[in-house]
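Oh and the sequence shown: position 22 is 22 in UniProt numbering, straight run, nothing missing.
Hints may be right or wrong, so weigh each one.
[Unchecked claim] Okay, derived cross-link-like pairs now, DSS-like style, lysine-lysine, Cα gap no bigger than 25 Å in a straight line: (1) K341 with K327; (2) K342 with K284; (3) K126 with K3; (4) K104 with K194; (5) K341 with K284; (6) K342 with K327.
[As the list claims (entries may be wrong)] Here are the computed distance ranges between Cβ atoms for each label pair: (7) H44 with I151: 55 to 63 Å; (8) N13 with G190: 20 to 28 Å; (9) G37 with A334: 16 to 24 Å.
The hints are simulated quantities; they were obtained by calculation from the structure and are not laboratory data.
Don't be surprised by glycine CBs; every beta carbon is placed ideally from N, CA and C.
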Amino acid sequence: MEKFYRVLDVDFNRAREGLRVLEDCARFYLEEAELTGALRDLRHRLSRLTLETFPRAALLAGRESERDLGRNFKSPDRRDWTELVQANSLRVSEALRSLEEVSKVLGPDSTPAYQELRFRFYQLEKGLARFYRSRLPDFPVYAIIEPGAGIEADVAFARRLLAAGVRIIQLRLKCGDDRDFLDLAVGLAGECRKAAALFVVNDRPDIALLTRAGGIHLGQRDLPPAEVRRICPHLVLGASVNSEVSARRALAAGVDYLAVGAIFPTATKEAARPVGLEMLRRVKRLAGERPVVAIGGLNPGNAGAAYEAGADYLAVISCLRAGRPEKTVAALAAARDESIKKLSHRPT
Numbered sequence: 001m002e003k004f005y006r007v008l009d010v011d012f013n014r015a016r017e018g019l020r021v022l023e024d025c026a027r028f029y030l031e032e033a034e035l036t037g038a039l040r041d042l043r044h045r046l047s048r049l050t051l052e053t054f055p056r057a058a059l060l061a062g063r064e065s066e067r068d069l070g071r072n073f074k075s076p077d078r079r080d081w082t083e084l085v086q087a088n089s090l091r092v093s094e095a096l097r098s099l100e101e102v103s104k105v106l107g108p109d110s111t112p113a114y115q116e117l118r119f120r121f122y123q124l125e126k127g128l129a130r131f132y133r134s135r136l137p138d139f140p141v142y143a144i145i146e147p148g149a150g151i152e153a154d155v156a157f158a159r160r161l162l163a164a165g166v167r168i169i170q171l172r173l174k175c176g177d178d179r180d181f182l183d184l185a186v187g188l189a190g191e192c193r194k195a196a197a198l199f200v201v202n203d204r205p206d207i208a209l210l211t212r213a214g215g216i217h218l219g220q221r222d223l224p225p226a227e228v229r230r231i232c233p234h235l236v237l238g239a240s241v242n243s244e245v246s247a248r249r250a251l252a253a254g255v256d257y258l259a260v261g262a263i264f265p266t267a268t269k270e271a272a273r274p275v276g277l278e279m280l281r282r283v284k285r286l287a288g289e290r291p292v293v294a295i296g297g298l299n300p301g302n303a304g305a306a307y308e309a310g311a312d313y314l315a316v317i318s319c320l321r322a323g324r325p326e327k328t329v330a331a332l333a334a335a336r337d338e339s340i341k342k343l344s345h346r347p348t
């Protein structure tokens with residue numbers, strides 16, 4: 001029986017430690033209180049069940065850390081939060097299954113409780129899905145295409161943007177034929193896949209799913225983010241906001257990024273009253289780790305001010321169509337580099 005207790009001790013430790021890592025990820029990266037509390041509760045329930053069922057002395061007596069063959073096993077490096085969460089999620093589920101199986105030998109009455117904990121973890125793991133979704137690529141120009149020149153011309157324009165370095169393209173169509181929208185979306189999605197870029201569909205989860213897009217963007221009058229998440233759990237989800245109230249609402253709904261605007265007057269949305277750079281600063285403070293996209297009236301001349309106010313990305317429409325898009329993209333990207341230099345030299 002001593003070796004059974006040894007396995008029990010090892011997997012009890014593995015499960016608790018893995019849960020603690022996931023709890024810290026939910027607490028400090030996601031900053032989601034409900035998920036953090038649920039993971040903590042599961043960890044405490046596991047501890048109570050194990051220590052009330054099996055003598056602590058027996059667990060410690062079975063422990064042979066100095067002779068453990070796994071002592072010198074090398075685990076792969078973790079390159080980012082995603083790999084950290086994935087490794088520890090697998091560790092927890094495997095350890096809980098092992099605990100359940102060993103309990104059938106040492107304490108059969110506890111087996112259903114271990115099984116319940118395992119299935120509870122499977123449910124909680126869904127709350128960590130944000131770590132597995134695609135992230136916004138590390139290039140600051142967020143290009144928005146509004147159809148108008150014809151499908152072939154719009155796809156060719158997107159191809160030029162991608163060749164210039166753009167790695168996010170959103171398709172926005174507020175009115176028009178759904179079939180034409182779908183045909184254009186298919187073309188843009190294909191070009192984005194070739195360039196390893198993120199293709200985002202505005203407003204339409206159905207088009208996003210049909211074209212295997214990487215993201216969906218919602219306005220404040222579109223479907224609620226929580227409902228869209230139910231049918232598109234794997235997609236990057238963005239939301240437009242124009243105030244601290246709308247930003248808090250979108251963040252609480254679990255969006256992956258915020259688009260703030262209009263920052264400056266814009267011909268694209270003439271009725272949109274500019275919220276200005278100060279609102280951009282406030283939303284950036286609220287967003288924490290989540291990216292913030294500035295939108296509305298942006299061009300190479302005012303891009304630096306938007307970056308310095310907290311924008312991680314600039315969403316642009318009109319200025320890309322004026323003149324050579326390659327030159328505009330380069331200027332917008334250079335403005336970010338220049339703003340980073342300014343901020344790094346600014347006294348703290």
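Here's how the hints hold up against the structure:
no. : hint                      : in the structure
1   : K341 with K327            : 21 Å, holds
2   : K342 with K284            : 18 Å, holds
3   : K126 with K3              : 34 Å, violated
4   : K104 with K194            : 52 Å, violated
5   : K341 with K284            : 19 Å, holds
6   : K342 with K327            : 22 Å, holds
7   : H44 with I151: 55 to 63 Å : 57 Å, holds
8   : N13 with G190: 20 to 28 Å : 49 Å, violated
9   : G37 with A334: 16 to 24 Å : 45 Å, violated
Comparing the model with each numbered hint stated earlier shows that hints 3, 4, 8 and 9 do not hold.
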